[in-house]
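> Sequence:
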Amino acid sequence: MNEAIPPSQYTHTSCRSHLEDHMTPHRLARTLASKYPVDRPIVYVCIGTDRSTGDSLGPLTGSLLEKRKLPFFELHGTLKDPVHALNLAETAEKIRMEYEDAFVVAIDACLGQFRNIGYIEVGEGPIFPGAGVQKQLPPVGDMHITGIVNAGGFMEHAMLQNTRLYLVNEMASKITDAIHFSNILFRKKLATSHTLHIGEQLSQ
9 MNEAIPPSQY
19 THTSCRSHLE
29 DHMTPHRLAR
39 TLASKYPVDR
49 PIVYVCIGTD
59 RSTGDSLGPL
69 TGSLLEKRKL
79 PFFELHGTLK
89 DPVHALNLAE
99 TAEKIRMEYE
109 DAFVVAIDAC
119 LGQFRNIGYI
129 EVGEGPIFPG
139 AGVQKQLPPV
149 GDMHITGIVN
159 AGGFMEHAML
169 QNTRLYLVNE
179 MASKITDAIH
189 FSNILFRKKL
199 ATSHTLHIGE
209 QLSQ
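Heads up: the sequence shown begins at 9 in the working numbering, then just goes up one per residue.
Hints listed in this document are in silico derivations from the structure and should not be mistaken for laboratory results.
For clarity, every value in this text was computed on a predicted model and none was experimentally measured.
Glycine included, every Cβ here is placed at the ideal spot set by N, Cα and C.
Errors might be hidden in some of the hints.
[Unchecked claim] Each pair of labels, with its calculated beta carbon distance range: (1) F80 with R104: 17 to 25 Å; (2) M105 with P45: 13 to 21 Å; (3) R38 with E98: 28 to 36 Å; (4) K88 with S42: 25 to 33 Å; (5) L94 with V46: 31 to 39 Å; (6) H26 with A166: 20 to 28 Å; (7) R172 with V46: 36 to 44 Å.
[Claimed, not checked] Listed below are the simulated PhoX-like cross-link pairs for lysine-lysine, each with C-alpha atoms no more than 25 Å apart in a straight line: (8) K197 with K43; (9) K43 with K77; (10) K77 with K197; (11) K75 with K197; (12) K102 with K88; (13) K88 with K77; (14) K102 with K77; (15) K102 with K43; (16) K88 with K75; (17) K43 with K88.
Taking the hints into account, I'd like the entire structure generated from these sequences.
What follows is the structure, given as structure tokens:
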């Protein structure tokens, strides 16, 4: 779980949409697909724990994605095998060892202003897991997806524990749909890139 506004000048919000907006998955998907590189492995890291309702957005999304069995994307962090404060550094090292120059997309819950609860954001740059509850953890991701699950600013642990499961579940479903749609768009992007590459070879 992180802050709604990560403390870094390297983080930039590219897309922001509310979970009740029926266009949210498509809007997020287009943003994601536009940023995916065609020459690097894409790895999703879903951060959080199912021991806290508000902080379960990441692993719940990871479990939903696991069932989709999407091509092109690798996945770390599910309800069964969560990525959290105790194993985050180990997971990051594992990704560095397994994939050459991976493009990492981090998913996490965050706290924000009351009026922003329910918004999902896609941004460039890393997120800072644990920042909202004063934990010092390494930044994660070349991109990030965050869902504002509750209000922050006071009693953060209590707010996470008292977050409605319905909200988190709906948000996880919308994020999963967005990533699924982005996978379809990425397939087209790869095909176009391959065609252009062949054209360049023929013209030489």
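> Please write out, lowest number first, the hints stated earlier that are contradicted by the structure.
17
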